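Starting from two chains that each stand alone, build the complex the way the hints lay out.
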Amino acid sequence: MTPVQNALLVLLVPLVSAALIALFLRRRGGLATTVSVTAAGALAALSLLLIFGGDAARFTTSVEWLRLGDFSLSLGFLFDDLAALMLFVVSFVGFFIHLFSVGYMHEDKARARYFGGLSIFMFSMLGIVLADNLFMIFIFWELVGFSSYLLINHYHEKQSAADASKKAFIANRVGDFGFLLGIILCYATYGTTNLVELRALGEAGALSATCASAIPLLLFCGALGKSAQMPLHVWLPDAMEGPTPVSALIHAATMVAAGIYMLCRVEVLMVAEALNVILWVGTITALYAALCAVVQRDIKKVLAYSTLSQIGYMVAAFGLGSTLVSPDGAPELVIAAGVGAAMFHLTTHAFFKALLFLGAGSVIHGCHHEQDMPKMGGLAKKMPVTYATFTLGVFAIIGMPGLAGFFSKDAILLLAYQNNGAVFGTLALSAVLTAFYMIRMWRIVFFGEARSEVARGAHESGLAMTVPLLVLGLLAVVGGYGNIYGRLAGDLAYLIPHSEEAHTTILVTSIAVMLLGGGLAWLLYRRPDSRDDAIALKSPALFRSLVGLQGVFDSAYGYYVAKVQQRFAMMLNFLEKVFLAGVIVRGTASLVGLVGLGARALQTGSLHAYVYWFLLGVVLLWAIVSGVF
Amino acid sequence: MSELPFDPLLLAILSPLAVALVIALGLPQRASVALACVGFGLPALLGLHTWYHFPSGLGAVAASGVGGAGGYAFQSFYDTGLSRFGIMLSLGLNGISMPLFAMAGVVGLAAGLYAIQSGAERLKTYLALLLVMQAGLMGVFASVDVFFFYFFHELALIPTFIMVGIWGGRDRHYAAMKLTIYLTLGAMLSLVGLIAIYVKSGAQTFDLIALRNALALQPLGESVQSYAFGLLMFGFGILVSLWPLHTWAPLGYGAAPSSAAMLHAGVLKKFGLYGLIQIALPLLPLGAAKWVGLLALLAAVGNVLVIGFVTMAQRDLKQMIGYSSVMHMGYAFLGIACLSTVGAGGVVLLMVAHGLSVALMFLLATSVHQRTQTFDMAEMGGLAQRAPVLAAFFVAATMAGIGLPGFANFWGELSIFVALWSFSKLFTVIAVAGIIISAIYGLRAVARVFFGSPSAQFTARVGGQPLADLGWAERLPALLLLGALLAVGFWPKSISEPVNDALQSTVSVAVSES
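Order-wise, the sequence lines are chains A and B. Residues in the first sequence are numbered from 1 upward in steps of one, following UniProt numbering. Residues in the second sequence are numbered from 1 upward in steps of one, following UniProt numbering.
Read the hints as simulated data drawn from the structure, not as lab findings. Since we're looking at a predicted model, the values are computed, not measured. Where a beta carbon is used, it is the ideal one built from N, C-alpha and C, also for glycine. Mixed in with the good hints there might be a few duds.
Covered stretches of chain A (in silico footprint by chain B; criterion: 3 or more residues with CB under 8 Å from a CB of chain B, positions within the stretch not fixed) [what the hints assert, rightly or not]:
1. 138-145
2. 151-161
3. 297-311
4. 342-352
5. 556-569
Isolated chain B (complex conformation) (with noise of 0.2 Å):
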C-alpha cells in the first residue's frame, strides 16, 4: 500500500505546528491569517470528524475482554526513537477523550478567528504561538501515551506564559510569573505520580491500554496506589485550580489575553480533570477511595461555597469569570469524588460545555472591554441599548454558565447531583446550593453591564461616541460556541454516548474489582 494512511489525529496535531512553523519563518501578515484560519480550521473539521465516525459500542467490546484496542478508535502508532523506555506516539480516541477532542477542536477555531480579529501588537508571532498552543491541545486528547499526553499539555503551556507576559492586561509580568510557578509545580506533581505508575507498574510501557491491561492483572499495593493518586490529585488539582491552590486562576485569566485565556480556561485546564478520569480513577481505584473524601471537602466547601461568595464580590467582569471557572470545577471534582459511572460521565460532559461557555464568556467580555474600555462593572451600565446582539450573546453565555436547561452544563451538573447524592447528602445540598449563587452573580453582572440606564462614568468616557453593536468577525466565533452549546444543550446523546460506554468499561469495571 504505498498511499499515505488518513489520520485525522495527526493531521490535527501537525497541521496547526506546521501554520505556526510556516508563519513564524517570515510570511507576510495577509497570507499568514489566511493561513492561520486553515490551521485553526482544520482541527474543528477533524475534531467534528472524529465525533461524527466514532464507532458505537467500543467500549462492550473493551469490557468483554483484557487486550485489543482497548475501547479506543483512530489508533495509530508513531516510533519516535524512545520505544526502549516504552514510549511510543500513540494516538487514539476513546468515548472519553473524542468529545473534549472535538470540544478543543472548535474552541481553538472560536479562539483564532477571535485572535486575527483582535487586531493585537505583532498579531503573527501571537497566531504561531496560538498555533502552537492548539497542537499542544489537540495532542494532550489523542494521546494514548501517557509521556505524550504530558509533553503535549507543555507544549500547550509553555506558550500561555509567553502570551500572558507580553500580550497581557494589568499586572501582566506578576501574573505570568505566578502562573508559571503554579502550573509548573503543579504539572511536576502529576508527573512524580505518572511516574510512580510506570516505575511501579514494572510494565516498562507509558502506553495507557498496555498499563491498564497490565493492572487490570496485578494491581498495584495499596500504599502505592494512595500516594501515586495524591500526588495526581494535588498536581491535577493545582491544574485544575482545586481550592485553595486556585489563586493563579483568577489572576491569570484576568491578565491574560482573550484568545490565550479562552485556550487556557477553556480547553487546558481540562487535562487534569481528564488526567483523573483516563489515568487516575481507571488505575489507581484502591488510592482513589482513599483520597475522594478529601477532595470533595475541598472541592464542596472550598470551590462551591467559599468561591462562590468570593465570585459575588468581583467588581471586575474578567475577574468574576474566572472565579465563576473557578466555582464549577468545583462541581467536576465532586463528580470526580462519587466514584461512578454517572459522576465521572457528568463531569466530561461538563468538561465539555464548560469548555465552550467559559471561552464564549472570555470572548464577550473582550468584545464589552473594546466598548467599555474597563473591566470594571461599576462603570458600565445600559450597554445593552447601544449593543443589543452582544448583550444577547452575553445574556445566553450567562445562562449557559448558570446550567439553564438547553445548554450543555446543564446535563453534567444535573448528572453530578444525581450521582453526588449517593456519596454525600451534605455534598449535594452545598452543590445544589450552588444553582442559587451562580445565578446571583451571573444576573447580576448581567445587569450590572447591560441594563439600567448607563453610569456616569460610562458616560464620561464613551459618551455621545457611535458604539458599534457585535460584528460579524466578533459574532463568528461567538456562534460557534453558542451553536455547540445549545446543541450538546439540545441532543446530550450526541456525547453522553461515547462517554457512558468508556466509562463503563474503565471507571465503573475498576471501581467495582476495588
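Next comes chain A alone, as it looks inside the complex (with noise of 0.2 Å):
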C-alpha cells in the first residue's frame, strides 16, 4: 500500500462508516456502535503507518475535482510533519474518545445517530488535516460544522439544545463568510490556493500583493469562528448540551484547534500587521475566558471557558511569531517560532482538555447525569480513577513542573516575555486565573463532603470509560517531553522556543503563578456551599461584575437578533406584501387586463381563454415586431 493509498484509506473509512449507519444500521445502536469504533480504531492504526513511516511517508499529491473556464478546484493530501502531528491527535484521541463514548451513551436510545455523527466527523475532521488547498480546507471546514451541529443537536428534544446548535452552525457561517472571502481573494491575487505553491511563491518572494494584510485577517475570520475567538466565541459553551464525549472530542481536543492548525497551514501568507491582530484577539481571549471561568457553576462550562482560554494562548502564540527581532535589531518576521510554539500547545492541550472532558463525563456519568458542581463533593474515594486521572488533567493544565501543559505553557511564555511586554503580562495574569479556577473545580468536586444524593451515590465508571482516561492520563503527562513529541512532531518540535538565559525567569514565573492562583483557590474553597460561591459570599460585586462579563456578548447579540434583524426582516416584509405586492402588482395587474382584455376570462382558468388569448398575443406581437423593426 502507497502513502497516498493509505492517506484515502484513512479518509474514507470513517465516510464508509456513517454511510452504513445512516443508511442500514439506524435502529441497531449495537452495531452501528461496533462499525463507528472498528472505523476509528482502523484509521487509527493506519495513520500509525503514515505518521511513522519517515521521509517516505511525506508526500503531496492532487487530483482536479472541477474546471470551468479557468477556475480549477483540486482535491489532494499535503501530508506533512505538521498533518502527521494533527492527524495524531485527531486519529488518537478520536479513538479513545469513540471507546469512552460505548460506556457513556450506552443507554442512550439515539445511540447510532451518534455514532453515525462521530464518523462523520471525523471523515470532516481528517478532510481538513488532509488538504492540500484552501478550497479543499474550506470544504471540509463546513463539514466539520454540520457534523458539530449534528452532534450539539443530540438531544434535540430539549429547546436549550436545539438554540445551542443553531447558535454554533451560524456563528461558525459568520465566520466562514470570511474565511471563504479571504480563500477568493488569495485566488483571485496569487492564482493558486494551494499550499505548496503558495510556499514557493513566499520562498520566491512573489506574496507582497497591495491587499497582503487582507488575506491573512480574512482568513483568520475563519478561525474566529471554528476556534471560537472573541467576538465570535459565544457558542462554545452553549455547545456543552451535546454529550460530553462530543465537547471532548470536537469542543475541546480538534475541531476548535483546526483554527490553529488552519493558521500554522497558511503561515506564508501572513505579514505583521495581520499577525499584531491575530495575537492580540488571542491574548484578550485567554484572559477573557478565564475570567468567566471562574463564576461557573456547571463542570462542563468551566472547561468550555477554559478551553477558549487555551485557544486563546495558541492564537497569542502565533501571533508573538511575528515581531521576533533579529541580531541586529532589525525587525525579522519569524514566524516559525509561533507555529512551534502554538502546535506544541495544540498537541498538549489535545491530550489533558480531552482527559479533563472525558474526567468530567465521568463524574457525570457518575452522578446519574448531574452537572452542578456545588452539588457534588467527595468524589476522590468513590470514583478513584476519574479523580487520579482527572488530577493529572488538572496539574497538566496548571503548569505544574513536569507535566506536558507545563512545557508547552513555557513555550508560549518565553516567546511573549521576549517580544511583547503586555502580552507577557496578560497572559501570565491568565495563567494565575487558570490555577484559580482548575483547583476550584477539582477542590469543590473531588474533596469534602458530598454534598446531595447524587454525589452520595456516585461510582466509579466502567472500563470502557477508564481505559481511555487512563491512556490520556499518560500521554498527559508524557505528551510535553522531548523524545515523544520529537518523534510526533519531527521537524515542528525544533521550532518551539528556547532560551537559555530567560529560561529560569519563565520557570521562576510559570511556577509563581501556579502557586498564587492555585493556593489562592485550595484555600478559598475549603468548605465550598452547595448554594452560594465563596467569591459570591467573599465579595457578592466582584462575583456580579464577573458573571455580567460573561454575559456581555450574549446580551449585544440577542439585541442585535430580536431587536435588529428581526425587526429589519419584519419591515422589509412588510414593505414586500404592501407596497410590492399591493400597489405595483395590482397595479400592473390592470394594466396587462386593459391590454389583454381577456383578464376576467383568465380568473376562471379555462384553458381555451387562455390559449385564445395567448395566440392572439403572440400574432400581434408577431405583426408588430417584423413591422416596426
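Structure (C-alpha cells):
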C-alpha cells in the first residue's frame, strides 16, 4: 500500500462507516457502535503507518475535481510533519473518545445517530488535516461545522440543545463568510490556493500584493469562528449541550484546534499587521475566558471557558511569531517560532483537555447526569480512577513542572516575554486565573463532603470509560517531553522556542503564578457551599461583575438579533407585501387586464380562454415586431 | 434502413404526452397510475441515458470551426410543416442542456411518484396534467429550435395554471390569476426579444445553431443587441423571479399543489436562466455587456439581500421555501452577469442543484403539512421525536439548500462567488453574506418545525394521535432527489465537464469576440 492509498483509506474509512450507519443501522445501536468504533480504530492504526513512515511517507498529490473556464479546484493531500502531528491528535484522541462513548452512551436510544455523527465528524476533520489547498480546507471546514451541529443537537427534544446547535452553526458561518472571501481573494491575487505552491511563491518573495494584510485577516475570520475566539466565541459554552464525549472530541481536542492548524497551514501568507491583530485577539480571549471560567457552576462550562482561554494562548502564540527581533536589531518576520509553540500547545492541550472532559463525563455519568459542581463533593474516594486521572489533567493544564502543559505553556510565555511585555503580563495573569479555576473545580468536585444524594450515590465508571482516561492521563504526563513530542512532531519540534538566559525567569514566573492561583483557590474553597460560591459570599460585587462580563456578548447579540435583525426583516417583509405585492402588482395587473382584454376570462382558469388569448397575443406581437423593426 | 431510429429525446417528450392522452381517454384509475409510472419513469431513464452516453470533447469540435453539429449530440430533425418560416422540430443536447434535461427527468419522476401517493382528488386529471407538463419540460431542454424551445415552455406552463387553480391551497384563485398574468407577461416580453433576433439576424431560421453561425459571421448591431437583451433579461427575469418582479413566486408556490410546485420551481423556472445562457449570452454579447450591471445590482441587492431578510421573516413554511428560492435565483443572475465561463458554468451547476433541492423541499414541506395540518411554523415543533426519518431528510435538504459541501448546490454557489470577484468585489461580499442569511432562515425553520418541544397548538391539533414517519411511498421520491444531490455533490465533474466544454465554445468565445 502506497502512502497515498493509505491516506485515502484513512479519509474514507469513517465516511463508509457513517454511510453504513445512516443507510442501514439506524435502529441497531449496538451494531452501529461496533462499526463506528472499529472504523475509528482502523484509521488510528492506518494513520500510525503514515505518521511513523518517515520521509517516504511525506508526500503531496492532487486530483482536479472541478474545472470551469480557468477556475480549477482540486482535491489532494499534503502530508508533511504538521499534518502528521495533527493526524496523530485527531485519530488517537478520536479513537479513545469513541471508546469512551461506548460506555457513556450505552443507554442512549439514539446511539446509532450519535456514532454516525462521530464518524462523519472524523471524516470531515481528517479532510482538513490532509487537505492540500484552501478550497478543500473550506469544504471540510464546513462539513466539520455540520457534524458539530448534528452532535450538539443530539438531545434535540431539549430546546436549549436545539438553540445551541443553531447558534454554533450560524456563528461558524459568520466566520466562514470571511474565510471564504479570504480564499477567493487569495485565489484572485496569487492564482492558486495550493499550500505548496503558495509556499514556493513565498520563498520566491512573490507574495507581496497590495491586499497582503487583507488575505490573512480574512482567513483568520475562519479561525475566529471555528476556534471560538472573540467576538465569535459565544457558541462554544452553549455547545456543552451536546453529549460530554462530543465536547471532549469536538469542542476541546480537535475541531476548535482546527483554526490554529489552518493558521499554521497558511503561515506563509502572514504579514506583521495581521499577526498583530491575531496576537491581541488571542491574548484578550485568553484573559476574558479565564475570567468567565472562575464563576461557573456547571462542570462542563468551566472546561468550555477554559478551552476558549487555552485556544486563546495558541492564537496568541501564533501571533507572537511576528515581532521577533533579529540579532542586528531590525524587526524580522519569524513566524516559525509561533507555529512551533502553537502546535506544541495544541497537542498537549488536546491530550489534557480531552482527558479533563472525559473525566468530567465520567463524573457526570457517575452522578446520574448531575453537572452542577456544588452538588458534588467527595468524589475522590468514590471514583478513584477518575480522580487520579483528572488530577493529572488539572496539574497539566495549570502547568505543574514535569507535566505536558508545563512545557508547552512555558514555550508560549517565553515567546511573549521575548517579544511583548503587555502580552506576557496578560498571559501570566490568565495563567494565575487558570490555576485558580482549575483548583477550584478540583476541590469542589473531589474533596470535602458529598453535598447531594447523587454525589453520595456516585460510582466509578466501567472499563470502556476508564481505559481512555488512563491512556490520556499517560499522554498528559509524557506528551511534553522531547523524545515523545519530538517523534510525533518531526521537524516542528525544532521550532519550539528555547532560551538559556530567560529560562529561569520563565520557570520562576510559571511556578509562581501556578502556586498563587492554585493556593488561593485551595484556601477559598475549603468548605464549598452547595448554594453560593465562595467569591459571591466574600465579594458579591466582584462576582456579579464577572457574571455580567460573561453575559455581555450574549446580551449584545441577543439584542441585535431580536431588535435589529428581526425587525429589519419584518419591515422589509411588510414593504414586500404591501408595496410590491399590493400597489405595483395590482397596478400591473389592471394594466395587463386592459391590454390583454382577457383578464376576466383568465380568472376562470379556463384553458380555452388562455390559449386564445395567448395565440392572439403572439400574432399581434409578431405583426408589431416584424412591422416596426 | 427500415428500422426506426432510437431517438431518446423525442421519446422522452412523447412518452409522457402519450400516457397523458391515454389517461385522459378514460383509463381506469389503477391502470392509469401504473401507466403514469411509465410516463414519468421513461423520461428519467432517458435523461440518465443521455448523461451517461454524452460524448466528451464536443465543445472543442464546435469551437474549431463554424458549422457542423455546433457542440450538440443526439440530434434529430422533424419537419412540422412550418419550415418555410424556418421552424423545424430540431432536437439535440449540448453540454449546457444535457444536465438540465437529465435533472428534469429525475425531478419529474420524483414529482410524479409523489403525486401518485398524494391521493389527490380527481387523481387521473392531475396526473395527466403533470405528464403534459413533464413533456413540455423535457422538450424545453431538448429543443435546438428557438420556436419549439418557447412552445414547450408554454406547453408546460398552461397545466401549471390549471393545477394551481384546481388543486391549489389557500388563495388559489388569486394565486392562479397572478401567476398567469406575470408569467404570461414574462413569456411575452421574451418572445418579442426572440422574434427580434429572428427578424434582425436575417437568417430566416429559428435554429439556434444556424442563428449562432449566422451571427458569428455578421453580429447584430449594438442597439439591436441592447434592446433585444433588455427584453430577454426582463422577460426571462420575470419568469425566474428577478427582484422586484418576483412577487408571483412565493404566492404561487404557497398555493400550488406540491408536485406542480416541485416541477415549476425545480425545473420550469430554469427556462429563463437557460434562455439567457443558451441564447442571449452567445447571440447578444454586446447587449449583455450593457445590461449586466443593472442585472447584478437587482440580483445582489434585491434577490439576495432584501429577499434574504424577507425570507427570515416568514412564518409559513411553504412561503419561506418560495422566498428562499427567489433568493437563490439571485445567485444565478449574478453568475450570468459575470459573462464568464466560470460564472455561467456555476449557474448551470446551481440550476441543476437548485432544481433537485427545491423540489425536495416542497415535497418534504407537504409531508410535514400532512402530519401537522398547518404550514405555520409557529404552530409546529418537536416533530423529529415522532418522525425522525422525515427530520433527517429535511435537515439534509436544508443543508443542500444553504450550500453545504457534499451537496450539489455548493459547487454552483462557489463557482459563482469565484467568478463574481473579478466582476464586482462589493457584489461578491453581498453574495457571500448570503451564506449567513440562508443559514439563519434555514436552520431556524428546521428548529421550529422539528426540534425542541411541540408547541401548544401542535399538541392541541394532533395531540395523542399516532403520527406516522415518512413511509416508503414518500421516501422513494425523496431518496431519488437526495441521491442525485449527493451524487453531484461528491462528483461535480459528472456535469461540470460537459458544461465547461460547451461554455468554452459559446459564451467565452462570444464574449471575447465582443
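How the hints compare with the structure:
1. 138-145: holds (count 5)
2. 151-161: holds (count 6)
3. 297-311: violated (count 0)
4. 342-352: violated (count 0)
5. 556-569: holds (count 4)
This entry does not satisfy hints 3, 4, going by the numbered hints stated previously.
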